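Each chain is listed here by its residues.
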Amino acid sequence: MDYSQFLMMPQEIGLLLVFLLVFVYDTFMPSRSQRFLPYFTAILFCVFMFLSFIPPQMGDAFGGMFEANPASWMMKNMLNVGVFIVLLQAIKWSNEDFVSVRRGEFYELLLLTLFGMYLMMSARHFLLFVIGLETASLPIAALTAFEKRYYESHEAAAKYIFTAIFSSAIFMLGVSFVYGLAGSLYFNDIAAAVLGQGSSVLLVAALAFVIAGLGYKLSLVPFHQWTPDVYQGAPTAVTSYLSVISKGAAAFAFMVILVQAFGAAYAQVWQWMLYVVIILTITIGNLFAIRQRNMKRFLAYSSISQAGYIMLGVIAASTVGMASMMYYILVYIFSNLAAFGVIAAIERQSGKVTIDDYNGLFRTNPWMAFTMMLAMFSLGGIPPFAGFFSKFFIFVGAAQTGSVAIYVLVFIALVNTIISLYYYLLVVKAMFIRQDDCAIPYIDSHWTEELAMTMCVLAIVAVGLASGIYTFLSQVTDSVSHIFAHI
Amino acid sequence: MNGGLTMNLTLLLYLIPSLIMFGCGVYGFMTRKNMIAIMISLELMLNSIDINFVLFNRYLFPDQMEGMFFTLFAIAIAAAETALALAIIINVFRIAKDVDINKINKLKF
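Note that the protein sequences, when read in sequence, are chains A and B.
Under the numbering used here, the first residue of the first sequence carries the number 1, and numbering increases by one thereafter.
Under the numbering used here, the first residue of the second sequence carries the number 1, and numbering increases by one thereafter.
If you are wondering where the hints come from, they were derived from the structure by calculation, not from laboratory data.
In this text the structure is predicted, and so the values were computed from the model without any measurement.
For every residue, glycine included, the Cβ atom is placed at its ideal position computed from N, Cα and C.
Hints may be right or wrong, so weigh each one.
Unchecked claim - Among the chain B residues that face chain A by a calculated CB cut under 7 Å, a handful are: (1) 44; (2) 45; (3) 53; (4) 61; (5) 67; (6) 68; (7) 75; (8) 77; (9) 84; (10) 85; (11) 91.
Extracted from the complex, chain B is given alone in its bound form:
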């Protein structure tokens, strides 16, 4: 275990796309109007975190598996979150006949 983040090139080659992916997720979360598209953006963010953990584990701390296990659990949690969010989106669609967040704005101020 080397105790810190030594910048090695292969790690960066994977880390930068992963962070770009997270940024795309945040951008999509902020700008998308369709709830399903927001959900997809959130999935992008969660998956980029999984990549981060796997990377750090594989390149920095290859002698143990903590990051891999975190990733496994994070995937399960992300699946649960998505299932719940989709159920709520379906409920919203049933009652408001729309999944556009500009139409879902009765609660304000």
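Chain A extracted, bound-state conformation:
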């Protein structure tokens, strides 16, 4: 065996190293230094995050099972930034009394799921992909059940694990049909076999199962029912991780599978499946978000509809679509983490999570209200914040396919953007306009939480204005045009 192949996966190896060091610290360090474990993890991860910006050697490894290319490398870096912010937000929470006994497990499982997502994004073989998918989704079930003293946490975990197993069963059934069709699980071999298939019944069934199985992970409508319950019940640190990191990774992997393995069936089969799913996802996510009172449930439905927007990049099935999707995920990471940072800080100190509790927040906690406002503006797509540009690019990316049907789709998405502004501004209205005598008192947030929020706010303002980021992402995706060969 040629061991130099491992040079193509420096990020995976680096992450495993971080995981092992955290594990060793957790296991062998004396208990009085255990409370520095979160700081240790965050610093170690920060070093890893900066080091992984060094471009690795690109190419195929392990007989084509694993592909290192610039797009997946950049995507991993973006997720790293998100995970670093989540780690910062979780420090104070994980040192609290009820959590601190198991805090090592929290960080280890978090890093392991990230490793699974790395594998998902670089896999070019369905076996490696399934292993990555399970490594990414199973530890999250354990993390969801992390708040052991709360009933809600366990209910959410039960719902998550059942839907996760069900969805992977559906997905693997699809993969078994693909195997029967192509006789191989390599994406390239499958692409060659699909090319000669037209739209056979077996191919349509396989694609439907694959899209349904991954749709569960991405919480696309009609596979979204678990999302609000799990988001509400899980600890907020886990919710923010679940809503941005795992969604971003799944979206990227979804796009790679669809364009690389099933590219030849784009026009006839999966474009139309995605078409219906996107319209349902954006609309139903938005309509249900309006009636939510709990902030975490509200953001769950908002993230469902955001997943629909991310899928607009997939349905474009071009390098432009991929660049705009990566840009959208980047902006979405910062906006959603800013919102979850505020929610987590408020929940940790006052235990309040409903929108009505946020009445008059601006009077008592101006900075938090300001952060939340920027997050809502960015999620809603108000210029000049980053969310506006990400929505703009993703609409342009989808519209560039040039078909009338996609124009209609973009129009529906635009109308939904206006609907979504209504409920995002409800939160802003509660914070700034409504008054409440018993508003949440001043929250003394920890400096790590403030650092995380500051990073998010700066990013929301700067990412939109720094046009170089999108240009860079489109250069990156131009260099992976070979995966779009069969479109």
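For chain A, the structure is supplied; the task is to place chain B on it using the hints.
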């Protein structure tokens, strides 16, 4: 390698029961109220996928072993999933004193 799915009778004799098994799993997942029974239904689904892979490998592509290896890994993954799900069910039982999903419904709307 013949590149496509030629319907041969022996394959169908195994494939149809396997798909019926998957359907039973889905039906059980939708209708059962006991979490353990739901878990059993999920196991049915996962095992029927294993049968599918072995079948396709044995009857359509006997010159290589990819499907068999996928099955081996899928069995291991299914075991990990079951272990985790059972742990969560035990936790739910401890805190709610029940494994009936009609009683585990505080999170809604």
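Status of each hint after checking the structure:
| no. | hint | in the structure |
| --- | --- | --- |
| 1 | 44 | violated, 9 Å |
| 2 | 45 | holds, 4 Å |
| 3 | 53 | holds, 5 Å |
| 4 | 61 | holds, 4 Å |
| 5 | 67 | holds, 6 Å |
| 6 | 68 | violated, 11 Å |
| 7 | 75 | violated, 12 Å |
| 8 | 77 | holds, 5 Å |
| 9 | 84 | holds, 6 Å |
| 10 | 85 | holds, 5 Å |
| 11 | 91 | holds, 5 Å |
The structure shown violates the earlier hints numbered 1, 6 and 7.
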